[in-house]
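Novice: Listed here are the chains, written in short residue letters.
Protein chains: 4
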Amino acid sequence: MTDGDRGPDVAVTDAPSPKGAPTTARGVRTRAALVAAARTVFERDGFLASRLTDITAEASCSTGTFYTYFVSKEEIFLAVMEAAKDEMLHPGVPHVEASDDPVSVIEASNRGYFEAYARNAKLMMLQEQVATIDADFRQRRLERGEAFARRNAKAISRMQDDGLVDAALDPIMTSRALSGMVGRLAYSSFALGMQWSVDDLVETSTRLWANALGLRYRDDA
Amino acid sequence: MTDGDRGPDVAVTDAPSPKGAPTTARGVRTRAALVAAARTVFERDGFLASRLTDITAEASCSTGTFYTYFVSKEEIFLAVMEAAKDEMLHPGVPHVEASDDPVSVIEASNRGYFEAYARNAKLMMLQEQVATIDADFRQRRLERGEAFARRNAKAISRMQDDGLVDAALDPIMTSRALSGMVGRLAYSSFALGMQWSVDDLVETSTRLWANALGLRYRDDA
Amino acid sequence: MTDGDRGPDVAVTDAPSPKGAPTTARGVRTRAALVAAARTVFERDGFLASRLTDITAEASCSTGTFYTYFVSKEEIFLAVMEAAKDEMLHPGVPHVEASDDPVSVIEASNRGYFEAYARNAKLMMLQEQVATIDADFRQRRLERGEAFARRNAKAISRMQDDGLVDAALDPIMTSRALSGMVGRLAYSSFALGMQWSVDDLVETSTRLWANALGLRYRDDA
Amino acid sequence: MTDGDRGPDVAVTDAPSPKGAPTTARGVRTRAALVAAARTVFERDGFLASRLTDITAEASCSTGTFYTYFVSKEEIFLAVMEAAKDEMLHPGVPHVEASDDPVSVIEASNRGYFEAYARNAKLMMLQEQVATIDADFRQRRLERGEAFARRNAKAISRMQDDGLVDAALDPIMTSRALSGMVGRLAYSSFALGMQWSVDDLVETSTRLWANALGLRYRDDA
DNA sequence: TATGAATGAGCATTCATTCAT
DNA sequence: GATGAATGAATGCTCATTCAT
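Residue numbers (full-length UniProt numbering), protein chains in the order written: chain A, 1 to 221; chain B, 1 to 221; chain C, 1 to 221; chain D, 1 to 221.
One or more hints might be untrue.
Claimed, not checked - In silico lysine to any residue, SDA-like type, Cα no more than 25 Å apart, as pairs:
(1) B:73 <-> B:104
(2) A:85 <-> A:168
(3) A:122 <-> A:164
(4) A:154 <-> B:200
(5) A:19 <-> D:199
(6) D:122 <-> D:25
(7) D:122 <-> C:192
(8) A:73 <-> B:200
(9) C:122 <-> D:71
(10) B:85 <-> B:134
(11) B:73 <-> B:29
(12) A:122 <-> B:60
(13) C:73 <-> D:49
(14) D:122 <-> D:154
(15) B:122 <-> B:104
(16) A:122 <-> A:83
(17) A:19 <-> D:144
(18) A:73 <-> B:134
(19) B:73 <-> A:19
(20) B:154 <-> A:86
(21) D:154 <-> C:194
(22) D:122 <-> C:144
(23) B:85 <-> B:118
(24) B:122 <-> B:154
(25) C:154 <-> D:86
(26) C:154 <-> D:197
Hints in this document: simulated from the structure, not taken from any laboratory. Quick caveat: nothing in here was measured; it's all calculated off a predicted structure.
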């Protein structure tokens, strides 16, 4: 399901390759070709069904070359994710911080998330698949989600102090729950094929989020 | 991730075995032993890592016998789920129906769900794994979730008509979102190892759910 | 060289196969075919150059069948040695025990050893090769040699007590040294291709052994 | 064990590199670095397990550079042995020549051998390993042993003529047998880990040698 | 029904060797 | 001379599936 427990907002590993980065320009090119090929193959066949030889064939290089840059399928998968990181963050997801209207911030955040998700739906499904298969990957994702959840929890806490948010809610669990809700919605929509528009997703999820926190929703009188 | 989008409440396949049920008493016993062994092995090693020979070994029968009752690993997995269905529904999750207090109903439902989840966490993780691997299983789960979501959506709709729930919410998407939220929470807690108590989970999720819908939360004056 | 440090006399492992022995008659036949094939292939190509597929081809079975009975090339090698054990002991190597004439006993023992060696020269060379490659095998051989050396040392000790043997010699080191001498001679002769007759080998080694211990050599007046 | 049949005394190949010696100073340095690295890696991992890339990595040079100086792993191994030749001979092993006391000469020779062996045990084991693997190397060693054995046999012959040594012994086989005995003892002690002191080894092997030949042992009245 | 031996396609992985820069 | 990326043949090993007994 989406990334870890994050829901809106994305952050991906930056673990360095165990096999040192290529020195020469040619090496850089080859490695990049492999990563690109891997993304293509993974998205087409899924992580499990993808064979290393499919990837090297797609990258037009020999089997051995794969092992010049990567140790395993898991590892090149991480590299694919790493390469997609910027792409997935691009939409500019503002963190929930001081601002005129908290609901607008949440809405913008959600919109950014859904749009990024739509653009990278295949990759997001892949993440889900790998997370259920690979405990390391799952752990890594969990930790990234942790960081994000804490940031969000802090924002919720602040709004509770300001009397804007239901004081009875546990900030961290609430953060997890609402992120999870949005993440799950995106997954259902783009990965499972539920046919919802981004606008509707944004509208409903933002309203639910705002209601849940006890924020006054923008358009309501 | 729970199954599909269900969140609270569980429903499992009832697809009949392609290999007709065993006729003799011995056959019934052998088949049952295989299903029990499969559950043990799947929970221990995960679906992917489990080999058919592990299952037959655990069931103390020969490799060939497996094929007397099942066509594939996928099929025996379905049988495991089928066998666990009752067990997982047991805690008595009342559907959201007419009653004095909607929030109490939601709370009871959530509690039932979290408790069932806790008891069957390994199996729930397995479901997640298989869903990301097997398109058929994913589809099946989606459909079951669909039915459940529609029932829930109907209840929400009714409450909107009665002026109890925020009328601006799309019932079906809301149903999905809130179920997803609870499902995700359970997954984080029992599968990923977040250390939350069932009471806290019930409390927070129920409050968020009630707030999100616009219901007045029980204890609040 | 030769086996462990034994020199005359042979004793081979009786470690049971980690993969349980076959249950059916067919299984027993197949396993035996594999062991026989392995001996043929090992003797023909050497341990290192032998590929598992060469062995299964020679045994007329599929690759997978190999793994029904053995875990690795090392393991089937042990089985080959085990199967050859009787064959190699056959010549009746009497232990050095009380008897009329110690020198005759030594001579008979040496003759038995050289004859067995000649019959199984290829296998003996294989043992050498594997011992330099595989630490486990080396250790195993060392331990078997240890037991044999102690037996021999005891006999030497007894003869020292009886005033038959040079009392200044350390029994255990002497046992090792003389066994090693004979083993090395056999290796040079049959494995390295030194062209010596068994009679000459027996004559010289026995005389050296007797002289070294300080025994009076039979034929000398 | 030990090298060929040599026992005491050591002599190593002086085959010239097929790839002509380096011309530039840098070349000389690189080649030397490779040989040193090879020794380190061979001693650490054994000949078989050592990969060319391990050696170049240890020598801090590129893979390609290896082929500037060597044709194969076998070839660099010979170079390592060549480089170690002096080191292994160093202890000054006097050949068995005219002298006051034959036993003293044998003793000095044995001591020199055991001490050299102890210093270069890893290399000696390597030699064993390679000899069982590489027929060329085995042959080369055999020939060197041959030369040494003949020298020794001549000395034995002379002593037989002088009535100092048992005339019934075949000089060449005796030479091989006794050298083999000492070589095997050294191997057991330093390569297999038998815990014997050099003094004890020298004492016992010299006494056995002297007895075997029929020489009167120094200390005996 | 039950058995368990036999099958073999399928895939990952290694590493000596080459060669363009 | 030195570099290190690229190569790809060679091989080990797994495991779902079949089938004779």
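Novice: State for each hint whether it applies.
Specialist: Hint-by-hint comparison with the structure:
1. B:73 <-> B:104: Given pair residue 73 of chain B, residue 104 of chain B is violated - Cα atoms ~41 Å apart, limit 25 Å.
2. A:85 <-> A:168: Status violated; Cα separation ~36 Å.
3. A:122 <-> A:164: Between residue 122 of chain A and residue 164 of chain A the Cα gap is close to 38 Å, so the pair fails against 25 Å, i.e. violated.
4. A:154 <-> B:200: Judged against 25 Å, a Cα distance of about 19 Å means the pair holds.
5. A:19 <-> D:199: violated (51 Å)
6. D:122 <-> D:25: violated (30 Å)
7. D:122 <-> C:192: holds (23 Å)
8. A:73 <-> B:200: Not satisfied, since the Cα-Cα distance of roughly 40 Å exceeds 25 Å.
9. C:122 <-> D:71: violated (30 Å)
10. B:85 <-> B:134: Between residue 85 of chain B and residue 134 of chain B the Cα gap is close to 19 Å, so the pair holds against 25 Å.
11. B:73 <-> B:29: Distance of about 19 Å is within 25 Å: holds.
12. A:122 <-> B:60: violated (42 Å)
13. C:73 <-> D:49: holds (16 Å)
14. D:122 <-> D:154: violated (32 Å)
15. B:122 <-> B:104: violated (29 Å)
16. A:122 <-> A:83: holds (15 Å)
17. A:19 <-> D:144: Outside the cut-off at roughly 45 Å; violated.
18. A:73 <-> B:134: holds (20 Å)
19. B:73 <-> A:19: Violated, because 36 Å separates the two Cα atoms, which is more than 25 Å.
20. B:154 <-> A:86: Violated: residue 154 of chain B and residue 86 of chain A sit about 41 Å apart, past 25 Å.
21. D:154 <-> C:194: holds (18 Å)
22. D:122 <-> C:144: Holds, at roughly 23 Å.
23. B:85 <-> B:118: It holds: about 15 Å lies between the C-alpha atoms, which stays within 25 Å.
24. B:122 <-> B:154: Violated. Residue 122 of chain B to residue 154 of chain B sits at ~32 Å, over the 25 Å cutoff.
25. C:154 <-> D:86: The given pair, whose Cα atoms are some 41 Å apart, is violated under the 25 Å limit.
26. C:154 <-> D:197: holds (21 Å)
Violated hints, listed in ascending order, are 1, 2, 3, 5, 6, 8, 9, 12, 14, 15, 17, 19, 20, 24, 25; each of the other numbered hints is respected by the structure.
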